[in-house]
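> As a plain string of letters, each chain reads:
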Amino acid sequence: MGVKRLSQGGLVDRSAPLNFTWDGQRLQGLTGDSLASALLANEQWVLGRSFKYHRPRGVMSAGVEESGALLTVGEGDRKDPNVRATTQPLFDGLVASGQNAWPNVRYDVGAINSLFSPFYAAGFYYKTFMGLPPFEWGKGTWLWMQYEKLIRKAAGMGTLSRAPDPDHYDHAHLFCDVLVVGGGVAGLTAATQLAAQGVDVVLCEQDVLLGGDLLNQPNSTVQIEALTAAARDSGVRLMANTTVFGLYDHGVAGALERLPETASPAAHQVRQIFWTIRAQHTVVATGALERSYAFGNNDRPRVLTANAGRAYLNRYALRLGESVVISGNNDGIYGTAFDLAKAGADVALYDVRAKLPGQLVKDAEDAGVRVRSQSAVCNVAGHVARAVEIGTVQGDGFAIERKRACDLVLASGGWSPVIHLLAHRGAKPIWHADLCCFVVESTQEAISVCGSAAAYWQTEDCIRSAEAIVPNVLASLSGESFAGYRVGSGGHEAEMTPLYEAKVCSRKLKAFVDPQHDVSASDVRLAHREGFVSVEHLKRYTTLGMSNDGGKMGNVIGLALMADALGKDIPDVGTTRFRPPYTSVALGALSARSVGKHFRPLRRTALHDWNLRHGATMTEAGLWQRPWYFAREGETITEAYIREATTVRKTVGLCDVTSLGKIAVQGPDAAEFLNRIYINGFAKLAVGKARYGIMLRDDGFVMDDGTTWRLGEEDFFMTTTTAHAAKVMVWLEELLQLRWPELKVHVASVSDQWAGVAVAGPQSRAVLEAVLAEPDVVSDEALPFMGVVETTLKSGVQVRIARISFSGERAFEIYCGSGYAEHMMEGLWAAAEPLDGCLYGLEALGALRIEKGHVTGAELDGRVTLEDAGFAKMASTKKPYVGNVLRQRPAMQREGRPQLVGILPKDRSGKFNAGAILCKPDQISGHGEGWITAVTHSPVMGHWIGLGYITGGAEAWQQKAAVAADPLRLGNVEVEIVSPHMYDPSGEKMRG
Amino acid sequence: MTRFNAWNVLKNGLLGQSGWDRQWRDPEPKSAYDVVIVGGGLHGLATAYYLAKYHQVRRIAVVEKGWIGGGNAGRNTTIVRSNYFLPGNREFYEKSLTMWEQLSHELNYNVMFSQRSHVSLFHSPGARDAVARRYNIMRLTGNDDTELWDLETLKRNIPHLNTEDARFPILGAAVQKRAGTARHDAVAWGYARAADALGVDILQNCEVQSIERDENSIQTLTTSRGAITAKKVGFAVAGNTSLLWQQAGLGQLPIESHKLQAFVTEPLKPLIDQVVVYGVGGAHFYISQSDKGGLVYGGDLDWYKSYAQRGNLHIVQDVAECATAIFPCVGRARLLRHWSGIQDMSMDGSPFICKTPLSNLYLNAGWNYGGFKATCASGWYFADLIANDRPDPVIEGHNLQRFETGAVLDERGAGADCKLHG
Amino acid sequence: MIRINCPFCGPRDQVEFSYGGDGSIVYPPLDADATAWHDAVHQRENIRGLQVETWQHVYGCRQWLKVERSTVDHTIHSVRLAHDGAAMAVEAENGR
Amino acid sequence: MDNFVSALASMALPFKSERLHIREVQCANYLISAWAASLGEVQQQIAVQAGLDQPLAPNMGAGSVLRVEPLKYWWLQAPAPTLEPAAATVLDQSHSKAVVIIEGEASKDLLNRCIPIDLRDSAFNDGALASTVFHHVGVTVWRQADVFWLFMPRTYAQFLTESLLEIAQSL
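Chains as they are written, first to last, in my numbering: chain B, 1 to 992; chain H, 1 to 422; chain G, 1 to 96; chain E, 1 to 171.
Mixed in with the good hints there might be a few duds.
To be verified - Here are some, though not all, of the chain H residues that point toward chain B, as calculated from beta-carbon distances under 10 Å:
id, residue
1, N8
2, Y54
3, R167
Said to hold, decoys possible - Think about it this way: if two alpha-carbon atoms lie no more than 30 Å apart in a straight line, the pair counts; the simulated DSS-like pairs of lysine-lysine are:
id, chain 1, residue 1, chain 2, residue 2
4, H, K419, H, K355
5, H, K177, B, K149
6, B, K139, H, K53
7, E, K108, B, K597
8, B, K149, H, K355
9, B, K568, H, K30
10, B, K727, G, K66
11, H, K269, B, K153
Stated by the list, open to error - Coverage of chain G stretches by chain H, computed from C-beta distances (three or more under 8 Å per stretch; other residues unrestricted):
id, segment
12, 10-17
13, 46-53
14, 81-94
Calculated directly from the structure, the hints in this document are not laboratory data. Every residue, glycine too, gets a C-beta built ideally from N, C-alpha and C.
Excised from the complex, chain B in its bound form (with noise of 0.2 Å):
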């Protein structure tokens, strides 16, 4: 009974039949159809169920505002839950089903909770749950959680699919002139007509098809092709389907594009591009939406806007009823019921007002609409609305009057423009009463605002608004100022009566002002008797607005509910700030590409593949990749770092140490510069020598360490760590832009251009010297400890070496072109395999610099001092640098702070972890006496050895037993405190 699929007219292709599923039926629509139209094509009305209550819940708008077809579409790991069916499109093969109900949302066991709904007021649950009812006896969060697990599982709506979305999405920058929101005859026309003055124009339509309200009235089809036209022609770039979901400062939008969207999407398909849109000028065309108003039971099925019986009928040539009432209180519902009427429903007309619009009422009557004035419909009877009951106007209420069936209830409280864009950039809306609506009249930024988005009602007045704005915009776009940007005025022929909610005297009805959340009139009164009446503290306490729907429907209804209980007008209770995003975005469209392994960019050395080929296991260092551990075939990961540290010591190892920061500075200034960034000096530093150096922040703390190479008088080859590369760089152009202007030096990130391999151990020079063309550069004599060299491999490959050594070894750092990295390498390591030499990674690394007691970012962790980390002496007295005022205050100087120490087990063939906490063993709690940083198995020693910080420092546990406590793992051990140079502490080995 009821729908009538019309045989002519609409948008939709009779010839295009789809097939889609709902709830496992196999049901037809049409191409062109929304799946809210086909399904109501197929008479489903029963789609969802409220959130709270879980009331059945149909299709109530034929837009965004929808909330209450909300609904699962597709299926597996394509499962998209909150769909709305009205903004979906169909395609052939979708299917869609129900959510929150069990076990379908035609019979939902969860409506028993209709039953308690008197219970469920506003703010029920800050009442109560605490306990143990009835008085919440107890203590504690635990009773709680156990009610909080059935209200989460009540609560939500739709079911996410575990599975990661198999879909790919683009993020997309586009860049125009002019951004025309909205494609309606208000955008369509503004844009035509700036284009023709050859601005570059992008209009953004979230429809899937432009012409906005005219979509929805009879025969329209013509002007609309002759606006898009017009439109093309002109140069305007159209993008339909595409939703401008935020403004954002400096005339940035947020917009999603939908593409077309099949059942089984092709391998590389896109489903949606997020776009980053900046404009110099943006015009709001977004028309607007009309909102119900509270009467009982406004949310049952067969209860839509006025103007979406309008949509259905004439865009997808539906007929949603036979019999059908109108109620509302402004013009709007005129045409509405005359296409009824005209497409031979039978029509019951009740406008609120008592003076009507006398032409509409005339025409409707002719079409044989019956028109009621001062009366409104007041309450809805049948599970799915089968009958009305109408009131009359009495006092400030309605007096039922009597009660009529029907199949279809469209209702209308007025029109509210979308300002919710303009709201975003913090414009303040204004209440015009007349217009019963809020409107916003100025923002300080280059936007305009048109057609029923300025609350322009009729056609005429949109368009013309839209032409008035075109030569603000001009003059904004050429740097002028420009007018405020609503223009004129344009309304209803009669002048609309407020109506916001039919209340009747005596009679408690279940009215809803915002339906998806189940907030209802009697829930704004409770909020106000509870002195929640603010209207931002009316939001939270209800909940109104908070919806899926963002309370495009209920806001001003909610407003206005609260004006009336505090006996205000709707300006003084306040406005409400939408935030975006208009309508909800997929966190997937905002991710685009980023995903997986794509998250964030992976850095690779030259020899990440060589060292892949080459058995290396890798490990995350930041961005980059480095090796791990070279293991042989069976070992594990402890087995192959100790053969490699103990391999190093032996004989020789090759490490890719390319993910270090280097930095060229040059320039006259350069000595100086790095004299004041360092503690210690460097202004004598000679060519072809290398120095160790400490930096620190502005506020005395260590920042970062490493060497820097002095090439030439005004040539220095700065390494960092390979975690504050990028920050040393920044600080280094800091200095030299922001405070030392006078300073003639260049800085350049050379991180990309030397790859570089640690050659270390006893064997080290003879492993240089096979591949030098000039071996005897780095004899002990041309090349002592800390000695540089530029000079070129046997192939005429340049190259660069340093003496230095982080393993306490006989060591070199060899740097070249990274286009050369794998060459070097090849011959590095044919040099070094047959000395028995090995590869080694990041772990064997770490052994050997805990022996030897070298830092790195475990021990430099930001907040501690040159003193803590034993490089006091190191520290200049002649030369002021950064950081040495302010290391000087009485904290970071005072006895007995943590200093670097190394660890041993007491019990050498014990065990103990990082991350423990040194305490004495009389007092294992509290905050200990220090912790530990870094372990390794020594292969020196044969045991486990360990770096940290104690309270004192090494001298000051000589004698004294600690224990490392690591509750979280290994427990309570009991170790040693010694220096943390553990390894040749006289450094021979690296010297000789």
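With chain B fixed as given, assemble chains H, G and E onto it according to the hints.
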């Protein structure tokens, strides 16, 4: 005051909800109070409540320029935890967590504190050891509610984490089991209702317009609702602290106001049971699911100073990337709303609860990201400070002098750069 | 999203820049007294309104900029290169 | 030289589709940094040695020289120009960058899915250059007629090129 309990809910259900009163009065300002707390946010309201309840201060006003709970109280991601490790911070937040556990009962207001666990993922052995230090300290200084989960345990507890295809492989997580989330608005209203019942005047729409003072003390606050004199004044205005401080003629503070965004998706059936936190590759991200079903998440500051309560698009994108990075299935969840709050970022990331250069002025500020979880202890210790005019040993370090002495409380080791803290 | 009109590169998205902070801070000489350094490093006026601040165009020309920006509505009133030498060189060219 | 290994060696390049052509190019790259006081002189010298009619404006490139920073240039062929040492520093960074050339009608679509640069002719025409960000990485794009050069840091180049190719397949 009608007590909140199931009995009264039932009774009122039958009586058409007619038995509920205003949850707090709307009094006219008096001309003088013993203590005026400026700022009707969580910390201000909590302070007033504890002053009235445990320090027997009788004439207390909370002055709020807008409506209570309208600032960061309603703009956070509702996470409560105490996983700090520096002396002072650790004890402070642990005290707070302990108070949170009883808060609903204390206030007779269900603040819905749900101890659903706080799970910090780590991605490298080094990160595991760094976090182990912190969580070991937590064990040694308090409850046994911390654990290190290996990958298997993690997968068992959070099955749809990305353990297959992640750019940064997940190795495990550090977990605080007593941590969780609470209903932020309820906390403000609960404190307001309870304070009001003890006679505290909550003065909304009452903006401090100027501050009259002599050399050593504040005399009068001129507000939009008239002049108010106070024996003692406490500032608890978060992002607006510097402005008020300057109104009092006190110069500069080690604070900058930055904005932090928060995000919520459309409601979904239960998906994430814990608070999950993630920080790697320059990203910083946290997510949980509200009782209503929305995924509530957030990330970093917008990176520049701002007093505007609106955020920008790149962070929207950034946090969405983080969300899908660890939970690839949320790609089809939809962002419903995002908003931002103004954070009073301090130079070391730790707060101030301290005396000031003026004898009757007390400061509560510098909460960075951490203000919500701190609410209980902040109110508790601030009330104690105001009532007794000396800091409790736990908050002795949270003073303004620490930057002069170098005794900074830098949990992140980021140094004196507010935008790097939180 | 903030867009900054880099004097060298033209208008660019905020993501290309990194924020420095209050640009009115004058850092004292390296050997100044502790109070001067404490104030410069820690104390902030925390302006609500127009403030001079530093940004680096880190993904563009790598220049540090001095930007006059409102901390209330984010509008930008002026941008210039912080390094006077580079600023003068570019200004001379742009005027050419 | 034979021993050279490109950062993009393992990439499926060149890429060709109806609307796109992506290929790798090798070029030298010398960073020339002038001082504020010597900029004019260096500008002139570079123009002369590169055979340009006039000095390069900010963010423009011509021939094989690019103006990348107020005081800095990239010189894209060997050898580097000869300049007075006091006037400028010269630094070989040939190994620092991997370079691809993108052409075809979808070039702008591809690039605007990667970089936030206004590529309309009105803003980015022949010779225009922009250093910008591509998925957290600094890159430089240069337009020569209808061809776009994309300079990527070598260590990120493989990752970024993977992204480029993935997007290219959907265009």
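> Against the earlier hints, flag every one the structure doesn't satisfy and list their numbers going up.
2, 8 and 14
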